[in-house]
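Trainee: Using the hints provided, position chains B, C and D relative to the given structure of chain A.
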Amino acid sequence: MDRVVATCDEAVADIPNGASIMIGGFGPPGIPVNLVRALRRRKLRDLVLIYCGGGTEEDGIGGLIADGAVRKLISSYPTHPGATAVREKYLAGELELEVLPQGTFVERIRAGGAGLGGFYTPTGVGTELAAGKEVRVIDGRPYVFEFPLRADYAFIKAYRADRWGNLVYRRTMRNFNPIMATAARIVIAEVDEIVPVGALSPEEIETPCIFVDRVVEAPRDWVRRAPPDER
Amino acid sequence: MDRVVATCDEAVADIPNGASIMIGGFGPPGIPVNLVRALRRRKLRDLVLIYCGGGTEEDGIGGLIADGAVRKLISSYPTHPGATAVREKYLAGELELEVLPQGTFVERIRAGGAGLGGFYTPTGVGTELAAGKEVRVIDGRPYVFEFPLRADYAFIKAYRADRWGNLVYRRTMRNFNPIMATAARIVIAEVDEIVPVGALSPEEIETPCIFVDRVVEAPRDWVRRAPPDER
Amino acid sequence: MPLTREGIAYRIAQDLPDGSFVNLGVGIPSLVARFIPPGRTILIHSENGILGAGPKAPPGQEDPDLVNANGDFVTLVPGASLFDHALSFSIIRGGHLTHAVLGALQVSRCGDLANWRVPGPRVPGVGGAMDIAVGAQQVWVATTHTTDSGEPKIVDTCTYPLTAARCVRRIYTDLAVLSVEGERLLLEEIAPGVTVEEVVARTGAMLTLPATVRTMDIPTEYAGASLLAP
Amino acid sequence: MPLTREGIAYRIAQDLPDGSFVNLGVGIPSLVARFIPPGRTILIHSENGILGAGPKAPPGQEDPDLVNANGDFVTLVPGASLFDHALSFSIIRGGHLTHAVLGALQVSRCGDLANWRVPGPRVPGVGGAMDIAVGAQQVWVATTHTTDSGEPKIVDTCTYPLTAARCVRRIYTDLAVLSVEGERLLLEEIAPGVTVEEVVARTGAMLTLPATVRTMDIPTEYAGASLLAP
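Residue numbers (this note's numbering), protein chains in the order written: chain A, 14 to 244; chain B, 14 to 244; chain C, 344 to 573; chain D, 344 to 573.
Certain hints may be false.
Derived EDC-like pairs (lysine to aspartate or glutamate); straight-line CA-CA distance at most 20 Å [claimed, not checked]:
hint, chain 1, residue 1, chain 2, residue 2
1, B, K146, A, D242
2, A, K146, B, D152
3, B, K56, B, E70
Covered stretches of chain C, as calculated for chain B (at least 3 residues, CB under 8 Å) [claimed, not checked]:
hint, region
4, 374-388
5, 411-422
6, 501-508
FYI, nobody ran anything at the bench for these hints, they're computed from the structure.
Just so it is clear, CB atoms sit at the ideal spot from N, CA and C, and this is done for glycine as well.
Chain A on its own, in the form it takes in the complex (with noise of 0.2 Å):
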């Protein structure tokens, strides 16, 4: 049941050219950076990225798009500033993009993890996002039909885990990272702080060790500098 591994070049070293992989992470929050630094040193090519925004060559997922390692990105908001390498693949038609309504983006994945055929949402209705798709009405109200989302990998940023991959997040770091790992079939979290089993309360676990294959220990400086009471 121990799920630790020593590195991220490790964690990451079995995914293949042509893989589907989230990416947690909203803002600087939750986004595993360590990972994706390690996915890019593997310089695969045709991967599929399920990521809410765009990434920048800081956060290194924009820099995984710069290299044209990455085929395809669905995505909510891929056009922030900094999300340049987008823009720049996109537009030379390097990179396909799937836009999705950020609720539709989220809820699709977690309809992957929880095992249901699709759902409807009134999100997009009579929009060019749902152009092409199933619209029915329920109830008096239109929907647009939405299948659910699933991928090979998921990458997740926590702030503790235990050995067992029990995972805890701290202020706005779950954003899509909950969600993400109950829906892929490797789920590799990368953490602040490794504690032992039984360290975290039942309670406040929000990520259940069941959703995690892989765990690594990749703490950022100021963590590292503040105590934990000062966190």
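Mentor: Relative to chain A, chains B, C and D alone:
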């Protein structure tokens, strides 16, 4: 923003005949027994209850059914020991029963609270619980279509609340409570302890106050007796 | 005198009742929180999992794990809660937010909103705008009345890609407050020193005029911010 | 000698690999946890929101807020986590449980399971059975080979209302271990002192017999429980 109401009787005073009411809880944990008892004192008729079990005399839900206050029960497992009132009223033709697989029961409530129009689940395909329901093959696998479920009221049991209605649960009290709190027009929470706003950590709050309309303090005897660090 | 961006935000803040749960979009909407009248408890929701977002963190005191949906390092008010994106969008789509204040590229007479994309060879990116527009109990738009080049942003029919149809209830601009009632767009208030004729001239949709149009009750300055353009 | 209820549970426990995540139904399945071989870490899931349920609480030490799905006051193992019913059924339906051990009224040759209802004028109540049957990676059935009155529970086609079609992978009874492979039901093992002929005679479906049928390796007693019927 203060949601505190003095008594359970006051909290349920406006519920009309014919109202639909979700009631949380599974086993004893998480059943808002004092709200149910106050509801029973109202001597209402034609209620629709949405509750996972069948209720017992002890938890008051069985008593409501025995009183003839309930027209219909939407449930998953109304056949546990002690659910005698359901059995008698159902077999006498005096209680309408809608039985759902437990995962479908909670997912329909979640869909109601999340604004979805419905979802496809693999559960129940080819069984009598899917009789008359739409079946759709998605990616080669058959799924049953299920509609969202909402109610006029939800009765929630939590451990601690602040005066705004942020809720915290302990051990297995959560069960249906955090989900039902999202899916009713008026949500009433019965809690063991009300603490000042700001006393709950933002990470530990499981039900944010946006979902809660009324909070009543009705501490259980064992909570009253046990000091916080021994619970 | 037309309102400044801060003036529009101030005007909106006066209309948010005590006990509101509000999502604020980027741009002018993000300024609304500054102007909430003292004594009102209004909780700010952020898509990335905050209910009860507070002001930006003072320089040097940013928490690297605490941002809002605009990417600002923020604080939390007492009573705030944190959650994942799934619950955050259950709040949005499930009709739990009492209000959302959004920016606009165009709003139509019947409340159609276009605020996520201009046509052309650009990267599309929508974020939470479509969910918020269909989900909040009341969607209010905060916008300048016209574009920088003077084109009306309030139009008969949107020509930009839609965010959601018939979702906007009120429009707050530098010149006026308007409300959408079915197919009719009502002119409720005008900025001090602005005439009804001016508003009509700068609006691209037919307006319905009540017997009397109120003039906004708005100070020139508030808490160091100019609310009226010079 | 046929296995006792504890014997069936013991036999199943030997087959659960280290690192399994298992849901155990009521009746014989609930006994499996007692017999997990030392040194294996196996986490027990309970529908009402537990991963890592431990043994029943000692009398007088029950926590009123901590029960499992059978209503027993239980304990938690170190590393356990607690969650709501929505996540609990995401775990179940989403294919995250490695194993589920369920009771049965009937199992068919091709793995159809009936375990929630007998026909007739009774209150229907299904609980989590249907979700678990479709969701777990491997569904194993723990049951007596026949009913108290000697009727086969392993049948060609279920006559009782189905829980789920073609979901069962293995069947552990007091007489045998069987596995479902497509349309074929393989007799893998027989209890000590039981003959293939006896098993065939008490089974209501055609069995496929391998070249050699193993005899179960099972002690007479374990940790104070009799595993073989006298």
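Trainee: All hints, please: hold or fail.
Mentor: Against the structure, the hints come out as follows:
For the hint pairing K146(B) with D242(A), the CA-to-CA distance comes to about 54 Å; that exceeds 20 Å, so the pair is violated. Annotation: proposed proximity of K146(A) to D152(B) holds, straight-line Cα distance about 16 Å (limit 20 Å). In summary, the hint linking K56(B) to E70(B) is supported, as the alpha carbons are separated by about 16 Å, within the 20 Å threshold. Taking a C-beta to C-beta cut-off of 8 Å, the region 374-388 of chain C contributes 3 residues in contact with chain B, enough for the three needed, and the coverage statement holds.
A stretch counts as covered by a chain when three or more of its residues have a beta carbon under 8 Å from one of that chain; for the region 411-422 of chain C and chain B the count is 3, and the coverage holds. For the region 501-508 of chain C, the assignment as covered by chain B is violated, since 0 residues bring a beta-carbon within under 8 Å of that chain's beta-carbons and 3 are needed.
Violation of the numbered hints given earlier is confined to hints 1, 6; the remaining hints are satisfied by the structure.
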